[in-house]
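All chains should be built: construct the whole structure from the sequences, respecting the hints.
Protein chains in written order, with this note's numbering: chain A, 218 to 441; chain B, 11 to 271; chain C, 1345 to 1551.
Rather than coming from a laboratory, the hints here were simulated on the basis of the structure. Any given hint could turn out to be false.
[Claimed, not checked] Covered stretches of chain C, as calculated for chain A (at least 3 residues, CB under 8 Å):
| no. | segment |
| --- | --- |
| 1 | 1394 to 1405 |
| 2 | 1430 to 1442 |
| 3 | 1445 to 1458 |
| 4 | 1524 to 1530 |
[As the list claims (entries may be wrong)] Computed beta-carbon distance windows for the label pairs:
| no. | chain 1 | residue 1 | chain 2 | residue 2 | range |
| --- | --- | --- | --- | --- | --- |
| 5 | B | 240 | C | 1360 | 12 to 22 Å |
| 6 | C | 1469 | A | 254 | 39 to 49 Å |
| 7 | B | 177 | C | 1367 | 30 to 40 Å |
| 8 | A | 251 | B | 56 | 54 to 64 Å |
| 9 | B | 254 | C | 1383 | 23 to 33 Å |
| 10 | A | 251 | B | 29 | 56 to 66 Å |
| 11 | C | 1548 | B | 75 | 19 to 29 Å |
C-beta: ideal position from N, C-alpha, C; glycine also.
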Amino acid sequence: MSLFEAFRAICTRDLQVALRRWGDIASPVVFYVMVTTLFPLALSPEPDVLRNLGPAVLWIAALLATLLSLNALFRSDVDDGSMEQLAIGPHPLALIMLGKTFAHWLLSGLPLIVLAPLLAVTYHLPLEGVGALCLTLLLGTPTLSLLGSIGAALTAGVRQSGGLLAILVLPMMLPVLMFGARATELAASGEDITGPLYLLGAFLVLALTMVPLASAAAIRISLD
Amino acid sequence: MWTWFHKLGSPPHFYRIAGFMQPWLLWPALILMAVGAYAGLVLAPADYQQGDGFRIIYVHVPSAYLMSTIYGVMAVTSAIGLIWRMKLAHAVAASCAPIGASFSALALVSGMLWGKPMWGTYWVWDPRLTSTLILFLVYVGYLSLRASFEDVNKADRASAVLAMVGAVNLPIIHYSVIWWSSLHQGPSIKKLDTPSIPADMLWPLLLMIFASSLFFGAMLLTRARAEIVERERNARWVRDMVGQEPAHVGGPGLATGTEET
Amino acid sequence: MSVLTAHDLTLWRGPFCLFDALSFELGTGQALVIRGPNGSGKTTLLRVLCGLTRPEEGRVDWDGLPVEQNRQAFGSALAYFGHALGLKADLTAMQNLRFAAAFNGRRGGDFESVLAALSLQDCHDLEVRYLSAGQKRRTALARVLLSQARLWVLDEPFTNLDDAGRVFLETQLNAHLRDGGLVAVAAHHELSIRDGQEIDIRLGAAH
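Put into structure tokens, the structure is as follows:
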């Protein structure tokens, strides 16, 4: 089996397994919607206030939704022994981690990007802002999933590690959040955002190249 | 040269050498800190703009310098431990973390205390304070991860991966924070960006930085020795030192290949 | 000629030494049988052989190269049956087996007869979470038997097998050894290695 076929096989299997438990898939999405409704309720439904908050809230909620779904990324595989079988198999573990993270993003990140425009409307975001929101989320959420996978791999063997995972992973996610939210805000006021977009792209490339190696090393430690 | 390195990697040798070196770091550190503190608090002239409030830099700047340097030391020793499988390197990395966390907490508190007379408020989201807070939280995360493993070897390796990942991430976070703060209108706070600090304010500062570094070295050696003794508590050399029978015949002394007498 | 070599394996669990400077060589047609009471380190030793657990000292070589540097070749040649069975509960038994076969590059393999011999022919289309504990174990065993791997590492495979299953597994083990395979097995029950050379290791002797 070639590398690409192995990547696709692991991705497909993860999607197959996840779709059997679609309640788990729905959680991050529902969470995303619910968090975004908190702010108008807690603060004020004034369009001006919401327009100011919108980029930040929509980005923070996406980050929190991703964080919520990370705990389950490797846990079930470590618990039922599938991860061991993958670790001693003939394919590079880094590739397998990349495949699993990609499947995770398809299930948790992509739905957020699809939903974001609808929620942006509730925050009265102008069209340029909505476009920037989707674009930054498209570039940013894979990075968030990748960075989160390191934390998930490090804590895969630890019981009740939800809080620990968040503590480990949040500092790493801060740059993506800062640039993503700020870029959305800048676009909403009509400014050019190619700079931040390039940076988000750079973060993604850096994460794609380096994270699978780190999370493979981390999961081997967890399996020990 | 490699034999020296390998000898250093042997815990009983390191224990002895560190024990010998520690007072040579500690006493100069304390003396120089006393001198620097006196020079900074008493001798240096009051600042034109800030009055006496600026004197907190003699605590704040060394702490800030150390918190980053200690993380670097932690990351490098973690890498050595992971790549060359030296348990001693892991022990040193583990010893660095609480010291680094303490210095970053000190930098945070001293930064906040400086803020009150300077900006009238204890907290501003400026790049330095924000970066300090984030680094403090990173240290806390590292210590939490270590604490969540029962097996020391697993804790060592997992936190080594975390330290190395952090070493790549922290510069990115730092520069992102600087960029982020430059976007916002507001008083550009240039604490130490003053073009030239007069000499009689500067030399106590440099002295304090140097003295604090020596102090860190002394603390590191002390912690590392304690860490090693605890990890090796079943080994013959520890039991001999403490005056007890070894736990097992052929106890788990680490890979030195030599009989410890 | 494949060979699994262990050099000076040493591992401690807390204050207990599970094994100290353990060395052996396992070649084609040989079966490493590890015996010992519960908690003596049989599972740990097997995991070290697979490259899952890192020993404090020593290393394991496959065909002369350390396992960590030889993961692709070793991974293709290895099939492991461990305590955690490695089955996805939400997929059917057949889906699990087919994935394992495809992922590890096995073509062919007589699924039907192996499943029938392990009494799984009626339940292979059920999701694994609906299977009994014994059926789950037999499914994981089927994965090893269908794997066409040269080295079988089995952690107490005879537990929860009925007599027919036990006989079947022993026959398969011996056939595997006859065909030049290697076996490392931790066993409580007595098993007879007829068609291969048995290497015995007893753990937990001095505590």
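Against the structure, the hints:
1. 1394 to 1405: That given contact holds, which follows from 5 residues of the segment 1394 to 1405 of chain C lying within Cβ reach (below 8 Å) of chain A.
2. 1430 to 1442: Holds, because 7 residues of the segment 1430 to 1442 of chain C bring their Cβ atoms closer than 8 Å to Cβ atoms of chain A.
3. 1445 to 1458: holds (count 4)
4. 1524 to 1530: Check failed, 0 qualifying residues.
5. B:240 with C:1360: 12 to 22 Å: Holds, at about 18 Å.
6. C:1469 with A:254: 39 to 49 Å: holds (43 Å)
7. B:177 with C:1367: 30 to 40 Å: holds (38 Å)
8. A:251 with B:56: 54 to 64 Å: holds (55 Å)
9. B:254 with C:1383: 23 to 33 Å: holds (26 Å)
10. A:251 with B:29: 56 to 66 Å: Holds, at about 58 Å.
11. C:1548 with B:75: 19 to 29 Å: About 53 Å separates the Cβ atoms of residue 1548 of chain C and residue 75 of chain B, which means 19 to 29 Å is violated.
Hint compliance for this structure: hints 4 and 11 are not met, and every other hint is.
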